[in-house]
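2 protein chains.
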Amino acid sequence: MEDKLLQTIISKNDTKIVLVVADGLGGLPDPETSLTELETACTPNLDRLAQTGSSGLSVPIGYGVTPGSGPSHLALFGYDPIQNLIGRGILEASGIDFDLAPEDLAARGNFATLKDGLIVDRRAGRISTEENQRLCAILSKEIKEIDGVKIIIQTVKEHRFVVIFRGKEMAEGLSENDPEKEGLAPLQIESLRSESRFAAEISNKFVALVTEVLKTEKANYPLLRGFAKKPNLPSFDQKYFLRAAAIASYPMYRGLARLVGMDVLLTGEKIADELKTLKDNFSNFNFFYLHIKKTDSYGEDGNFAAKVKVIEEVDLAVGEIEKMRPDVIAVTADHSTPALLSGHSWHPNPFLLASKHAMPDNLSGFSERECRKGSFGVFPATEIMPLLLAHSLRLKKFGA
Amino acid sequence: MEDKLLQTIISKNDTKIVLVVADGLGGLPDPETSLTELETACTPNLDRLAQTGSSGLSVPIGYGVTPGSGPSHLALFGYDPIQNLIGRGILEASGIDFDLAPEDLAARGNFATLKDGLIVDRRAGRISTEENQRLCAILSKEIKEIDGVKIIIQTVKEHRFVVIFRGKEMAEGLSENDPEKEGLAPLQIESLRSESRFAAEISNKFVALVTEVLKTEKANYPLLRGFAKKPNLPSFDQKYFLRAAAIASYPMYRGLARLVGMDVLLTGEKIADELKTLKDNFSNFNFFYLHIKKTDSYGEDGNFAAKVKVIEEVDLAVGEIEKMRPDVIAVTADHSTPALLSGHSWHPNPFLLASKHAMPDNLSGFSERECRKGSFGVFPATEIMPLLLAHSLRLKKFGA
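In order, the protein sequences belong to chains A and B. Take 1 as the starting number for the first sequence in our numbering and just add one per residue. Take 1001 as the starting number for the second sequence in our numbering and just add one per residue.
What the hints contain is simulated information worked out from the structure, not anything from laboratory work. The structure displayed is predicted, hence computed values, not measured ones. Where a beta carbon is used, it is the ideal one built from N, C-alpha and C, also for glycine. Where hints are given, some of them may not hold.
Among chain B residues calculated to face chain A with C-beta under 8 Å, some are [to be verified]:
1) 1001
2) 1306
3) 1346
4) 1361
5) 1365
6) 1373
7) 1375
8) 1376
9) 1379
10) 1383
11) 1387
12) 1389
13) 1390
14) 1397
Isolated chain A, as found in the complex (with noise of 0.2 Å):
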């Protein structure tokens, strides 16, 4: 829906939505018994709200197009996932759970080793997250500021860290200085704009000094990439006038939650922790993002069993906030991560509405397959905030 017609027709309420987001959930047929992960699985409550629900195969970017989690979830969000491109330095530092200011610039790191003159190992023989973590120390007591612009060093894991340059005047639109084959040297950062001058100039000081400070380390050298802002999303509240939280035990998608502007809650690792912090919280907002992730991480290794029962878990997880009675239940993906093809893939995700002002669509069970014949058909990702908004009686009528 465009942002000038959600806002003639967007009001408010104490109703109470809940979007699970089971990463990665569907997926493609086992060979030998030509069931998909969600069709093996043993799912009594996502089956019975399939027939009293709706639903439809969701399609988060475009047909054919295998997104990344950040466009994936900037879709389910209800924003523009290819206006509003996460840069790879935002998505990595969000990832760390760092709290990223309007005027951070942030860049991805790797530590690579430098011998005459050339890069020789991209990964500096893969440190250790220890090792990174003494560095990481080491810069952030020699290198605190650059010309007046604060320098944040983070370790990310193994040889990856994150920089953040904290000043006004950094901007967006830097070259890499990544040569991104061995053997080479690596390149100066330039500025792609005219406005992003100063960062490349602060960019190459602080690869300059990072050089200087780790002369005597194996790891002494700084590949930086993905130079970014925060995007300037409107925020759940200011968008849809919702009081919103998210509960995700990966700092990626607090990250990506943050980003526009959610209550991040502190939860741990287990579905079951997910729901006690979905418990605790549940009269304190009026929208919950709850993620899971790991039917996204057994489809990324390939383990379809592994994959089903997590998602056997998901539905016991479904019942239990169907106790708490929200308004609105929706289940979904924020993409396709078949155990077969071992990665995200360009399928469109399942989809579920439950809410009693659903048409109930008689399904016969919650799978790719039968929510194609549901009341949404198939329809773009974008679309769901404003379903989960008409459901929950937030949309006013448009037009007399």
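Since the structure of chain A is already known, use the hints to place chain B on it.
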């Protein structure tokens, strides 16, 4: 899919795609049997692929829009059919396998009869093709060039010819000289844009010269319509990184394929000839557009039974194509041509995609009414190319 998005995710590989276009495939039910042409035909191969592959109904231009072959093919090939309208002159020139240069301005011509300053017969008694060839030979000898613009005159059929004005200053934007009714005087060709003044002058000089040369003939006047230049479309190679070949027995479809930079292969009139061409060239390309005309021809004739028979031939051909083991086979149409309407129609096209990465839709067969239950739903024909690219693993992940 927007070109900008496509450019960020497109990649190359060596997998092979065969797109079978059974022109005018979709139909409407025979009132006696309540079955469409496709439902009546015995199509064991297509029915099997509708079980194991993914289907949908594709909309070429928009809901309710009956497309001509030009725009419906552009949509199939993934080009915006409304933004890239192909002028009639270009279609007519393409239809006789004429290889257009970028500077060419082409127009459709009718040989007409002028008497006492009025057009008394817009088709000069529908002269024979041989008579047309005789006149074109005379004109080609007498009119080779006007003010530096090269003139090329080619017979099409009966009273129809094509004239190509080859010269850098020949711009689009001309009115036509056809009064469209008999008993009226022909019109002056006028420039509709400032840059087409020169083209209008040359065109009017051409009309005067033809009238002079043919003054003793019955067919003594050229009515010119649809002045157009070749649209400037990126080629399949540029847009999709595909080495694309066209196998089509009718000139117009060869011309359309040429406009998007496909290699147009020599082939015969029968489906068997086209299959042989496919087989002989299978190793040389990674995309094949295989066009079957007779489904449409019999639809246009209102010949339900003959259309059914051709569909059965298409089914056999698809079986043969499967044996060549392409990675993706798609079977669809450019537009529907129900025998009941004896013409093109607005009804969406049955679309079927077979690939090991496709969701098996388990449809009970390949037909208009089964396809609407498929994974792709009812979707724009311009999304067919992205789907073919995705299923041949040519589209990288979008965003992180």
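Hint check:
1. 1001: At 5 Å from the nearest chain A Cβ, residue 1001/B passes the 8 Å test, so the hint holds.
2. 1306: 34 Å, violated
3. 1346: Not OK, violated: residue 1346/B not within 8 Å of chain A, min 19 Å.
4. 1361: Since chain A brings a Cβ to about 7 Å from residue 1361/B, closer than 8 Å, the hint holds.
5. 1365: 16 Å, violated
6. 1373: Since chain A brings a Cβ to about 6 Å from residue 1373/B, closer than 8 Å, the hint holds.
7. 1375: 6 Å, holds
8. 1376: 6 Å, holds
9. 1379: 6 Å, holds
10. 1383: 4 Å, holds
11. 1387: 5 Å, holds
12. 1389: Holds: closest Cβ of chain A sits about 6 Å from residue 1389/B, inside 8 Å.
13. 1390: Check passed: Cβ of residue 1390/B comes within 3 Å of chain A, closer than 8 Å.
14. 1397: Result: holds, 5 Å to nearest chain A Cβ.
Figure legend: structure checked against the earlier numbered hints; hints not met, in rising order: 2, 3, 5.
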